[in-house]
Amino acid sequence: MKILIVEDELQMLENIQQNLEKENYLVETAHNCKEAQEKIGVYNYDCILLDIGLPDGDGLSLLQYLKSQQLMEAVIIVSAKDSLDDKLKGLELGADDYLPKPFYMAELNARIKAVLRRRNFDGNNSISLGNTEIFPEERRVKIKSEEVELNRKEFDILMYLVANKERLVRKPSLAEHVWGDNIDQADSFEFIYSQIKNLRKKLKSHQSSLKIKAVYGVGYKLMVE
Amino acid sequence: MKLLNYTTSYFAFLLLLIITVWALIFYWQMLDEIYDSMDDGLENQKMLVIQKAKKDPSILNKINFDDGYYTFRKVEKSDKILAHKDQYRDTTMYMLNEDDFEPVRLLESIFKHDDEYYKVKVITSMVEEDDLIEDLFYSILWLYIGMVVSILLLNNILLKKVWHPFYDLLQKLKNFNIESDQKMNYSETNIEEFKLLNQNVDRLLKKSREAYVSQKHFIENASHELQTPLAISINKLELLLESEHLDENDMRLLADGIQNLERLSKFNKSLLLLSKIENKQFENIEQLNINLILQEVIDSLKDLAELRGINIEFQQNEELFFKGNKDLMFILYMNLIKNAIIHSSKETAVIISLNKDFVSVKNEGEKALNSAVIFQRFYKQSGVTSSSGIGLALAKAIAVKYDLALDYKFKDAHIFTTKFPLHAKE
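Residue numbers (UniProt numbering), protein chains in the order written: chain A, 1 to 225; chain B, 1 to 426.
Treat the hints with care, since some could be wrong.
[Said to hold, decoys possible] Capping the alpha-carbon separation at 27 Å, the derived lysine-lysine pairs in DSS-like fashion look like this:
#  : chain 1 : residue 1 : chain 2 : residue 2
1  : B       : Lys401    : A       : Lys87
2  : A       : Lys101    : B       : Lys112
3  : B       : Lys362    : A       : Lys87
4  : B       : Lys302    : A       : Lys87
5  : B       : Lys302    : A       : Lys204
6  : B       : Lys119    : B       : Lys216
7  : A       : Lys113    : B       : Lys236
8  : A       : Lys101    : B       : Lys269
9  : B       : Lys326    : A       : Lys89
10 : B       : Lys276    : A       : Lys101
11 : B       : Lys302    : A       : Lys202
12 : A       : Lys87     : B       : Lys172
13 : A       : Lys22     : B       : Lys236
14 : B       : Lys172    : B       : Lys216
15 : A       : Lys101    : B       : Lys280
Derived by calculation from the structure, the hints in this document are not laboratory data.
Given the sequences, and given the hints that come with them, work out the whole structure.
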């Protein structure tokens, strides 16, 4: 899978790149519109991560160009401005998703995976990890071909951990993804634990090969045995 | 004490002193004048009586006052008698009408009649000094009271008028809000001092406002600039934590570092949010169903409450609609309810009650919080280290933005109430 990151902030760019490379993507980078346009003209990408606020022009025009060229790349817009306008305009122009800055890398991973999954399979897609099979669209989970009942939060947690499998998922990131944007007002994320506990119990009772490992109070990691 | 009454009290004291001294002098002078004219009268009477005696010597035998005002007594001639001068004396005499001894003025004189010497005594009834003093005292008391009252009245009418610009300024300063751009309208005055006062207060307020604004900008800029480096640092440490050649100890250190950076980042986010609210950057306003928002907040906090063994009770007595920004209203109640959960002891309930125009969040507590400071930034209850002390400040900022009256009171339990303005009811 090949991903192009268009981002003018070097540190940020490097960070995203390192993170995505850990996920075994092929990552290319561009620092401005011009560079991005050149790269898009020459290569094909599976996904483009596009920062809207670029020094030499609006990222939205780049998106317009992409769509006019009938290029099939999935596009995720990243915007520092937490503005509804950018979001609406971007999605209207055919972007696949919108991610406001600052975001968690785990969230980015989940978004990219979701976008790619939607693009590359048509409806009939499931994720198999060991003896566990997850159907994201139908929000169903099967362990050893046996249906497992998960509540909304448990499913969202599992899905998020799966998208970041064998990677560290920090608590704030998990909380925001599952409980909503404003949950960080809750001071501590200890409440995550009770849902994790239930999820673990269910995975264990069905002898799933997925294990949720706690990482020194920082977060969790999904391990596949 | 008010300035007006303060001066009046000084006046009252001074007046008391002055009037007392004046009364003493007045009394002394009046008495002096009375004696003088009385003595003149007595002398005149003496002369009349002596004349009368020359015409009618029979009265020379009158040795008692009885029904008259004079007595005669024959005296032997002696040096002492010859040297005798008219003598005025105060004495007392029984008065039939008063049934008491009353003071009288007496003139004692010696005169010669047919080679005999006679002592004549003439009396006249005199001022009753105790009565005079009493009368004087009461008149002066009334005078004093009358003066103090009229000074008070004058002060309150006249001085109040004069001091009006001053009190007006005080009132305006009381209502001054550094956050609002509302102009101060100083009242017109011809008094130099008040003009100066107004000018200087204006200058001072402008400066404070400028300082406040620049401080706000600083906080906003600082928190904005901190955001990316913080996110990047955390990410780098995260990547490091994932690398395989670390031993357990290293990982623990890293995890600690990450957790503290996360706290910093969260705190920074709150600061930024606070700045954004104060800078009116949440203009995305829609008609909100507060019932739904509260339900959403409660759902989000359900896990936290369960973990802490706290029961959330939601009493929806009415349906409440309000125009505002959804995120902000969410954050407002998130903070209030979360606080209630965090500061409750196990197995208690947090009661959220939604009424016609107010929402209250109640949780059990032992003693009242200091309502003067709880809404201030960085106020922390001692012993709670995990809180940033900014949650209630955020709630307050949101409430202020939407004219909601956010108040705290203690009635066997902590009660936070948000009262919705009447015009918001639609």
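Under the constraints set out in the numbered hints, which ones does this structure not fulfil?
Going through the list in order, the structure violates hints 2, 3, 4, 6, 12 and respects the others.
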